[in-house]
Amino acid sequence: MSVDWMTALADKLESQGQDLHRWETPGELARAIEPNTVQTPALDVIDQALVDVEAGRNDRLILNLPPQEGKSTRVTTFGPLWFLTRNPDRRVAVVSYAQDLAEEFGRNIRNHIEDNQGDEGSLDLGLRIAADNNAIRRFRIAGRQGGVRAVGLSGGLTGKAVDALFIDDPISNLEQAFSKTYRERAWNFWTSVANTRLAPGAPVILVLTRWHEDDLAGRLLKAEDADRWRVINIPAQAEENDPLGRKPGEWLQSARRRTVEQWEQIKTAVGPKVFQSLYQGNPTVDDGGVFPKEWERYEQPMWVERPDGVRIVPGLAENGYEVAQSWDLTFSDTDGSDFVVGQTWLRVGINAYLVDQVRERMNFKTTVDAIKSMSARWPQATMKLVENKANGPAVINALQHSIPGLVPVEPQGSKMSRASAVSPLAFSKNIILPSSQLFPGVDDLIEEARAFPDGVHDDCVDALSQAINNLLLHPLIDQEQLVAEEFADDAIPISYF
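Each residue of the sequence shown is one higher than the one before, starting from 220 at the first, in my numbering.
Computed cross-link-like contacts, DSBU-like style, restricted to lysine-lysine with a CA-CA straight-line distance of at most 30 angstroms:
#1 Lys486 - Lys648
#2 Lys486 - Lys399
#3 Lys512 - Lys634
#4 Lys492 - Lys466
#5 Lys512 - Lys648
#6 Lys512 - Lys466
#7 Lys648 - Lys492
For each label pair, taking beta carbons as the anchor points, the in silico distance ranges come out as:
#8 Glu537 - Thr400: 45 to 55 angstroms
#9 Ser654 - Ser621: 30 to 40 angstroms
#10 Pro467 - Arg363: 42 to 52 angstroms
Hints were generated in silico from the structure; no laboratory data involved.
Note that this is a predicted model, so its numbers are computed, not measured.
Glycine is no exception: its CB is placed at the ideal position from the N, C-alpha and C atoms.
Can you build the whole structure from these sequences, using the hints too?
Okay, structure coming up:
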């Protein structure tokens, strides 16, 4: 057999997709399938880490990268696919916080295999889906032992063992991050489900955006075998010992082609606490920093006060402005009890201005009188938000036939998650407070916000977060969806920009 013939045969086999090892990294495979794939230094580091895992040099890997920088596509779609091209007998499991997202990863992997079988000039991955085992959530490679199972955290991994486990973002959003129930769910999945299905030597790759210091990555790094985990954290802005070799302060070369100016805008908009967690991969214990030390302020009244004390905002209807009240209620007029807080807010476009606030210890009667008084003072405040828990229902019941526009609000998530959701709008100066000279009572709110969540009182913060959530994030009047419910690589809440 001549050398030329052997070379020609090798070329033919490669063209037919029989050389399963010709893509040296997941990134090479991604670019072969999708030529427009953007490759960044961060993805180079991730590619090499996956190569090390596949080669058996490391079997526990945690990857942190800022939102929308391609980590899920590279790791959880092309990672399993690349593993299968290296060894079609691998039984791969892909896990995410929800079944539908896990199935999306499974669908993408399956579609890449079905769309790249060498016909009509397409790439040939050398893989075929078994005709009798080809569901999105579970499919097998024809003639081999390997395949993919895609499950949510609430699902199971029953049946055969797992030879490679990919876990993508076990926490979906801020509300889940600050919920101990959701954090426990992720940990229980790891301890009681994932660990029981791993075959001997099976690697585990956890890729996530850090939301909370007690998330799955945080717990794994406090466990007895913490030293087994290799952690690669690639922050948006370089710090000392940067994994990409950047100088401290240098911004990430973005897969989304973000400019330095855009990175700076994000940092300002989300605030230091969110930026440190989501973009730097270093969440801290809740020790303040949820709200800015210095708020955006206004000096002149935005209303006209009539002789009878009624306050009117000129041009409200013509300009599409909105005035609303927000109430946080606790009945008790004893020393040491929480305060009843009522606030009036003026929305002007994308900005919200605090124009009035009452903060006193009250009983039921004085609370009802306070709502009546503020409603009379601000007749344009047609919407009056009242938290529908504790004493809220009693107040609504007492006033519903005399005060229009009472809207019961079901609080979602913890106080911390609700405050953190609106925190970026404070840092981006979309929440504007009156000067202390114009309204001395604003200092109570500022002091509460500065100490939150460790301060003695948080009633002003509760009223603020309730108002801003409904005025700027999720308006009740037009139901416009301004903030995504989910937080994934391709769906970032607008509030974080």
